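Sequences listed follow chains A and B, in order.
Last residue of the first sequence: 232 (numbering that gives the first Met the number 0), numbering continuous.
Last residue of the second sequence: 259 (numbering that gives the first Met the number 0), numbering continuous.
Quick caveat, the hints were computed from the structure, so don't treat them as lab data.
A quick note: this is a predicted structure, and the numbers were derived from the prediction, not measured.
Incorrect hints may appear among the rest.
Example chain B residues on the side facing chain A (calculated, C-beta under 10 Å, incomplete) [what the hints assert, rightly or not]: (1) Val12; (2) Gly80; (3) Gly98; (4) Pro108; (5) Arg122; (6) Leu126; (7) Pro152; (8) Arg167; (9) Ala170; (10) Leu177; (11) Leu231.
With beta-carbon atoms standing in for the labels, derived distance ranges [stated by the list, open to error]: (12) B:Gln172 with A:Ser36: 35 to 45 Å; (13) B:Arg33 with A:Ala125: 33 to 43 Å; (14) B:Gln172 with A:Ala125: 28 to 38 Å; (15) B:Glu64 with A:Glu160: 41 to 51 Å; (16) A:Leu47 with B:Arg33: 51 to 61 Å; (17) B:Glu188 with A:Arg220: 58 to 68 Å; (18) B:Arg251 with A:Val62: 31 to 41 Å; (19) A:Ile87 with B:Glu133: 27 to 37 Å; (20) B:Arg92 with A:Pro127: 23 to 33 Å; (21) B:Glu82 with A:Ala125: 34 to 44 Å; (22) B:Glu22 with A:Leu56: 30 to 40 Å; (23) A:Ala61 with B:Glu195: 46 to 56 Å; (24) A:Trp78 with B:Gln172: 50 to 60 Å; (25) B:Ala137 with A:Pro159: 50 to 60 Å.
Quick reminder that beta carbons are idealized off the backbone N, C-alpha and C, glycines included.
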Amino acid sequence: MSENLRQMLDLGLFWEYRSILLAGLAFNFYVFAASASAAIVLGFLAALARVNPLRPLRWLGAVHVETFRNAPDYVMLVWVHFVMPLLIGQAIGMRVTFAPFVSAVIALGLVYSGYLAETFRTGMQAVPRGQIEAARACGMGGVLVMRRIILPQAVRMMLPEAMNNFVSLFKATTIVSLITVPDLMYRVQMVTQQEMRPLPLYTGAALTYFVLIWAVAALARAGSERWRRKIWA
Amino acid sequence: MADPAGAPCVEVVDLHKRFGALEVLRGVSFAVDRGSVVSIIGASGSGKSTLLRCINYLEQPTSGEVRIDGEPIGIERRADGSERRRSMREIGRFRRDLGMVFQQFNLWPHLTVLGNVVEAPIRVRGLPRRQAMELARACLERVQLSEKSSEYPARLSGGQQQRVAIARALAMQPKVMLFDEATSSLDPELTGEVLEVMRGLAVDGTTMIVVTHEMGFAREVSDRVIFLHGGLIEEEGPPAQVFGTPRSERCRQFLAKLLH
Ligand SMILES: Nc1ncnc2c1ncn2[C@@H]1O[C@H](COP(=O)(O)OP(=O)(O)OP(=O)(O)O)[C@@H](O)[C@H]1O
Ligand SMILES: [Mg+2]
């Protein structure tokens, strides 16, 4: 076995720094949780706009989706962190800076709101018209129909796709080190600079991410499948 | 001003409905008295569904009026004679009094049978949960499905699903029930149980407007039968007359084709 390979598989170094590194992993979760929440809210609003009878709103929703869904995570991150504060600063005539964490949440929240909006919209449009007419015929108004008839079904229908969106979002949180959010990858780079032994550190990070994402996604899928199956026998 | 006491339960006045260039209803008028059953028959595409959907404003009529107990659904007439189009919210309030049963059942699959039936009484009429549950159970009893109340719709047969849909409409305690070909998407051996329930409602004095291809049922249960053709009422009268001695040639042909 080559020396390189042995080094790569020797995770002792990763283990040695575990508390610092795990604290970094926590940042991945914070970024994930905050940007997922933002993406859900924004994505839902954009989806509502896209299924709205009013043309200007539909158009606005489409622009939102196309803009953010087609922006690369990395470009968006850099743009939000370095360019957006300048533009805002110009507009209000004050110096503005974003904390790295804030930029990360804005950038990822926006990008993934584009994906989630489409997921939401597909789910909402999959509810058959007849069911909505039945609800209207019972005297339900638009809000009740949305809340009691469309959304409960749309959420179930969109879950597998939403799950994919969230997995992608979690993976995307690993690039926030580029704007110095102190996540796991950021800390791996720091430790690497001290120890000059990158292989076990990066391998450890890769394994940690893989096991984590795989396990959580599998659990979430199994749980949601059971819930979905109850209705669509 | 309309006088609710003397007015018919449902009154359709010179109803027109146009989809783009296609004029589906070209001036339909009729009235349904409280406790009576009116059947609407006619060839496919003659506008039967459109007429029923205009009655509860699932389709907005192009012109004409629908009145419930003398009160027009779509417009408000003020004492000074001025008129105002009603909002969707106001129209929703009229819809509570119009129970609708669709050809495709249209149950809500994420709710149990009982959930489907209590939903509107709780959310729309604002009944307390316990009272709504009691009401829903009574309605399910009426369609003989009490034992299925905690089942999901996907686990029921078509006939059972349609009976749940009838219970759901009944639970709003509507003034009139609208049936749009309630048995047309059912296997022949399942139509009987649904017609049986509808017959029961008629016997109990429910006001009903029934679009149907079941001529035997229409003949037996209706007080009056309307034959729709080309967006107009071509023949109208008691079942014995419409089915026995129709004046309209087209009506005669339509019936002959069904019997052949
Ligand atoms: N939303 C709509 N947009 C355009 N055309 C419509 C619409 N709804 C109905 N039509 C047309 O109106 C005509 C009457 O349709 P309708 O469904 O009322 O007929 P029907 O008598 O109920 O027929 P069937 O017995 O097949 O149910 C048809 O030509 C149909 O294509
Ligand atoms: Mg029809």
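Hints versus structure:
no.	hint	result
1	Val12	violated (21 Å)
2	Gly80	violated (29 Å)
3	Gly98	holds (8 Å)
4	Pro108	holds (5 Å)
5	Arg122	holds (6 Å)
6	Leu126	violated (13 Å)
7	Pro152	holds (8 Å)
8	Arg167	holds (7 Å)
9	Ala170	holds (9 Å)
10	Leu177	holds (8 Å)
11	Leu231	violated (25 Å)
12	B:Gln172 with A:Ser36: 35 to 45 Å	holds (43 Å)
13	B:Arg33 with A:Ala125: 33 to 43 Å	holds (41 Å)
14	B:Gln172 with A:Ala125: 28 to 38 Å	holds (32 Å)
15	B:Glu64 with A:Glu160: 41 to 51 Å	holds (46 Å)
16	A:Leu47 with B:Arg33: 51 to 61 Å	violated (42 Å)
17	B:Glu188 with A:Arg220: 58 to 68 Å	violated (40 Å)
18	B:Arg251 with A:Val62: 31 to 41 Å	violated (60 Å)
19	A:Ile87 with B:Glu133: 27 to 37 Å	violated (59 Å)
20	B:Arg92 with A:Pro127: 23 to 33 Å	holds (25 Å)
21	B:Glu82 with A:Ala125: 34 to 44 Å	holds (40 Å)
22	B:Glu22 with A:Leu56: 30 to 40 Å	holds (32 Å)
23	A:Ala61 with B:Glu195: 46 to 56 Å	holds (51 Å)
24	A:Trp78 with B:Gln172: 50 to 60 Å	holds (59 Å)
25	B:Ala137 with A:Pro159: 50 to 60 Å	violated (40 Å)
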